[in-house]
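Asks: For reference, the chains in residue letters:
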Amino acid sequence: MNIDLAGRNVLVDGSDGVLIAAIALALADNGGAVRRIAPRAQADITADDGSLLIFVSDGAAGADTGTEGRTGEADRLELLARTPGLGRVVTVFSAAGIVPIRGLARFSAEQAGLASLTRTLAMELGPHTRVNGVAVGAYEAGGAVVMSRLLSHAAVKRPAGLAEIVAAVMCLADPDNSYMTGHVLAVDGGWSAGYARNF
Amino acid sequence: MRVDLTGQVVFLTGAAGGIGSATARRLAACGARVVAADINLAGADQVAVGLPDAMSVALDVRSSEQARRAVDAVLERYGRIDVLINNAGVNTFKDRVDIDAFPEAEWDRVVGIDLDGLFVVSRAVVPAMVARGSGRVVNIASVVGVTAMRLQSAFVAAKAGVIHLTRSMALELGPKGILVNALAPGSVLTEGTKALFYGDDGTFRAQMAGFMEHVPLGRPGHVEEIAEAILFLCAPQNSYMSGHLMMVDGGWTAGFML
Ligand SMILES: NC(=O)c1ccc[n+]([C@@H]2O[C@H](COP(=O)([O-])OP(=O)(O)OC[C@H]3O[C@@H](n4cnc5c(N)ncnc54)[C@H](O)[C@@H]3O)[C@@H](O)[C@H]2O)c1
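Just so you know, the sequences run in chain order A and B.
Residues in the first sequence are numbered consecutively from 1, following the working numbering.
Residues in the second sequence are numbered consecutively from 200, following the working numbering.
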């Protein structure tokens, strides 16, 4: 699946990791002028109508214990998303932001906060700026499975590959996809759809 | 987005309508062989005739007998069905009244086509996908299946049913290699909605003027924009989404706008 980002500035924010690297690579391969913003760096960014902001939460990388690294993510997302002129924002976080996970109270709440912020920003920044999100379930990254516990309840009985998450980001970054805003795509193999087991 | 659907057979109900015909054109442009199914055969013919290696079939989605015959005809010609798009649907146009006055016959008509019909067609098509161990189903729902509205109780109930049925279909069919998702269009400009909400030029009738204040993008959608999102749900690369409801509504249901 290819999209046309020729001539567009793409700002990618988030900690280093295989997921963010795959997303940045795909955006560049599709013509975007990709610039990584160092996490928590001073956000001295400017944007024009064609520009995109891709915000990848550490939660998407399965940082599911403790709080380090994610505190302040919502503040940062809001600050960056309000950059005047920005055309699109795509947020990427954990599917725990859609359905909370036992034992991960704080994590689930923080990720749900990003989901809610995605929707609120869509209302506040429209019609100029479209804001959508991707909620990721279990996926395979460098031989390990992130959030593998989700597999026992997923309709698709395997983790995602990075390319499948990237496809959803591409969909939301696509200039031709023009009537979506305030939506979160779940790329979780049906994990958040219901109970994939027979009781 | 550029997606390659070369050789894929797409069974599309309601193909003669606004969203249906735009979807047929978009998927065919990506190489798909479209089966245009509609109760309006002349309309389906018109859609299919302009597309490469497409066919049309007469289908009232309420009839399991017609659905079975349509599937037989498709399998005979192409030998496979890769994608089912359950798009046929009707809404209440003249009986816009509260439930205490809502005509029983209108309830039966709307639920019969929008919900029962989707079940009937899915039941007829899915076995061909199960046999091959792969397939996609896209169910066209509506924003009203998520956020209720007044004066159209049958449509609201039917579309909410479609959304939840999508989830249970995904859970059942996932292990069989079939991905099932729903798509909820917001208010989209078609011949029907022009008559109801919009003038011929797509501007609002006076009484609907406040409506778009609830929609962050501030305008109705175009059929091509719905077709683009449907294409994503059919894209081979998009292979880990299932049981999902994709909102294509200009942000209408994102939250409380006032
Ligand atoms: N246009 C909108 O604003 C909007 C909003 C939300 C949801 N939708 C949904 O999108 C889908 C397509 O709607 P549209 O706007 O293109 O409407 P449309 O009226 O242009 O098309 C609907 C098509 O379904 C066909 N149909 C009706 N009854 C049928 C039956 N019993 N069997 C087979 N075909 C039948 C019609 O002949 C028509 O070609 C519907 O499910 C509708 O509920 C549309």
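Some hints could be false.
[To be verified] Derived list of chain B stretches under chain A, where covered just means 3 residues or more per stretch with a C-beta under 8 Å from a C-beta of chain A:
1) 332–338
2) 341–353
[Claimed, not checked] Anything over 12 Å on all C-beta distances counts as not near chain A; from chain B, calculated:
3) 274
4) 298
5) 307
6) 366
7) 370
8) 430
9) 452
10) 455
[What the hints assert, rightly or not] Here are some, though not all, of the chain B residues that point toward chain A, as calculated from beta-carbon distances under 8 Å:
11) 262
12) 263
13) 265
14) 291
15) 356
16) 359
17) 362
18) 422
19) 426
20) 428
21) 431
22) 434
23) 449
24) 453
25) 457
Keep in mind that the hints were calculated from the coordinates and are not lab data.
Cβ coordinates follow ideal geometry from the N, Cα and C atoms, glycine included.
Asks: Checking each numbered hint in turn, tell me which of them this model violates, lowest number first.
Replies: Those not satisfied are hints 1, 2, 6, 7, 8, 9, 10, 11, 12, 13, 14, 15, 16, 17, 18, 19, 25.
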